[in-house]
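*Asks:* Here are the chains, one letter per residue:
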Amino acid sequence: MIEVDAVSKRFGATQALADVSLSVRHGEVLALLGPNGAGKSTLVRVLTTLVRPDSGRATVAGLDVVGDATPLRSIIGLAGQYAAVDELLTGRENLELIGLWYHLPRSEYRRRADAMLERLGLTGAADRLVRTYSGGMRRRLDIGASLIARPPVLFLDEPTTGLDPRTRNELWRFIAELVADGSTVLLTTQYMEEAEHLADRIAVLGAGRVIARGTADELKDDLGGDRLEARVHADADLQRAASVLADLAGTAPHVDPDQRKVSVATNGGTAFLLAAGRRLEDERIALDDLGIRRPSLDDVFLAVTGAVP
Amino acid sequence: MTVAATPRPVPARLLVRDTLGVARRNLLRIARTPLMLIVSAVQPALLLLLFRYVLGGAILVPGGRYVDYVVPAIFVEAVLIGGMTTSIGLAQDLKSGIIDRFRSLPMARSAVLAGRTLADLSRSLFSLAVMVGLGLAVGFRFHAPPAMVLAGLAVVIAFGYAFSWMYVAIGLATKDPETAQIAGILPFFVLMFASNAIVPVATMPGWLQGFARHQPLSVTVSAARGLFEGGAAGHVIWQSLAWSAAILALFFMISLRLYRRAAG
Numbered sequence: 009m010i011e012v013d014a015v016s017k018r019f020g021a022t023q024a025l026a027d028v029s030l031s032v033r034h035g036e037v038l039a040l041l042g043p044n045g046a047g048k049s050t051l052v053r054v055l056t057t058l059v060r061p062d063s064g065r066a067t068v069a070g071l072d073v074v075g076d077a078t079p080l081r082s083i084i085g086l087a088g089q090y091a092a093v094d095e096l097l098t099g100r101e102n103l104e105l106i107g108l109w110y111h112l113p114r115s116e117y118r119r120r121a122d123a124m125l126e127r128l129g130l131t132g133a134a135d136r137l138v139r140t141y142s143g144g145m146r147r148r149l150d151i152g153a154s155l156i157a158r159p160p161v162l163f164l165d166e167p168t169t170g171l172d173p174r175t176r177n178e179l180w181r182f183i184a185e186l187v188a189d190g191s192t193v194l195l196t197t198q199y200m201e202e203a204e205h206l207a208d209r210i211a212v213l214g215a216g217r218v219i220a221r222g223t224a225d226e227l228k229d230d231l232g233g234d235r236l237e238a239r240v241h242a243d244a245d246l247q248r249a250a251s252v253l254a255d256l257a258g259t260a261p262h263v264d265p266d267q268r269k270v271s272v273a274t275n276g277g278t279a280f281l282l283a284a285g286r287r288l289e290d291e292r293i294a295l296d297d298l299g300i301r302r303p304s305l306d307d308v309f310l311a312v313t314g315a316v317p
Numbered sequence: 210m211t212v213a214a215t216p217r218p219v220p221a222r223l224l225v226r227d228t229l230g231v232a233r234r235n236l237l238r239i240a241r242t243p244l245m246l247i248v249s250a251v252q253p254a255l256l257l258l259l260f261r262y263v264l265g266g267a268i269l270v271p272g273g274r275y276v277d278y279v280v281p282a283i284f285v286e287a288v289l290i291g292g293m294t295t296s297i298g299l300a301q302d303l304k305s306g307i308i309d310r311f312r313s314l315p316m317a318r319s320a321v322l323a324g325r326t327l328a329d330l331s332r333s334l335f336s337l338a339v340m341v342g343l344g345l346a347v348g349f350r351f352h353a354p355p356a357m358v359l360a361g362l363a364v365v366i367a368f369g370y371a372f373s374w375m376y377v378a379i380g381l382a383t384k385d386p387e388t389a390q391i392a393g394i395l396p397f398f399v400l401m402f403a404s405n406a407i408v409p410v411a412t413m414p415g416w417l418q419g420f421a422r423h424q425p426l427s428v429t430v431s432a433a434r435g436l437f438e439g440g441a442a443g444h445v446i447w448q449s450l451a452w453s454a455a456i457l458a459l460f461f462m463i464s465l466r467l468y469r470r471a472a473g
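Chains A and B are the protein sequences, given in the same order.
Reminder that position 241 of the first sequence reads as 249 in my numbering, one-by-one numbering, no gaps.
Reminder that position 44 of the second sequence reads as 253 in my numbering, one-by-one numbering, no gaps.
It is worth saying that the hints were derived from the structure and are not from the lab.
Virtual Cβ for every residue (Gly too), placed ideally from N, Cα, C.
There's no promise every hint is true.
Rough simulated footprint, nothing fancy, chain B against chain A, three-plus residues with beta-carbon under 8 Å [to be verified]:
#1 54-63
#2 74-86
#3 104-114
Far from chain B, by Cβ distances over 12 Å, these chain A residues were calculated [to be verified]:
#4 Gly129
#5 Phe182
#6 Glu201
The whole structure should be built from the sequences, with the hints applied where relevant.
*Replies:* In structure tokens form, the structure reads like this:
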């Protein structure tokens, strides 16, 4: 549905995108993950026809971002940090005008604005000026505006940046609901948790290049899989626990005396966890904590972006 | 006028609808910031009072009454100031990101600009109406029949609308409300003072007279004075309308080009 082939873009001395290729399948949610200045927004701006690429080719639903810009704009929605809502208009006026500019008939955009306000939980605030809205209400309205024409492809550029955690969770639920009905979504974010929460696949962007890609699980596997972690209650038991786990796993454990923690690599899953629990109990080693830990996406992110000069 | 150079231009019917949509959006914004509407009328009002009561007594004009000489010029100035708000508003829209949303929509490119100039015209008309009222209150009189007076006001409005497109270009080129405001004052000063608006051109040095006599604001002021006096010279009317048409066409093209490149 979205095809990016060797796209580069330079702004003055900054290489914003360097030979980026990726594709997003129909109905898929792809997260572009990366720090500030990685080129995420530039890629969104290329795909939404706001910026022309210097070289390479990009298409959305087969329409070229340069040659077919006008028809392309009628099948996409854009929301996020660079697409503002109008503060001096009401929520309803914002939605209706966007509907008008998508060339929907008047009766249709009025009906859809009504339905969308309801869906956004903004019916009560529909006729208030947007400048009286909270941050979360604005973001919801912004995303709602981008959906008013029911575009098959949606671009969300850092949809939750700057929101407090509770509002962010609320917005995640909302976005997850919206994408459940089969839209193709390209989402940019600086938050690993957000990518993991919303996306089917993730592309990590750093300094204008794609430096890792895959599902959240694949990215984690690349980093070395699961580890079993045990925290013992007493310092005296630490070495004993380490030798028990080394014996069981057949690999050298990592010991962290400060936290009284022993960890070993494993791919044995729950069976290994239960076996380890039984052995440690047999040895009468008192535990504060025992569990299998997957590397977090943060670990992946730091590992891959740390490798970029 | 058509939108050139887009591979598949938006059909004319939709172009009109898009433009009216943008105009509606901007009219709603104007209605919700009434203070800005009032402030943009205060500036020409102060100039009118300044020239009528402070400086007017020291300026001699052929034919006598200075109030009849300067008030038509203040009308022209009022619509020019109305246009200045266009550059500030556009620069604000660029900065806030709302223009990016517009550019990602299938709407016609020129609609964003044309809709804004049409909405801002309402602000100019408001200022002009205030100036007419204030002018009459301080002793200005129309001496011509109503049809000619209306024709004179139409020439002034056409001039103001044409120049609002220059301010569109300034707003798009500066991309910043403060810079747009300062940049917009420059052409205003040159056109206003190097002209026949406030003092007769004959009192200026020779090298300045040619410019001061034929520049667009001067011929527009002459046309308006003539039509309000009832003794119009047809050629200045046509000169004014030709200037307005040329300025409109030139800055329409420049603005569209700048808009395509804006934020790109």
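*Asks:* Against the earlier hints, flag every one the structure doesn't satisfy and list their numbers going up.
*Replies:* The structure breaks none of the hints.
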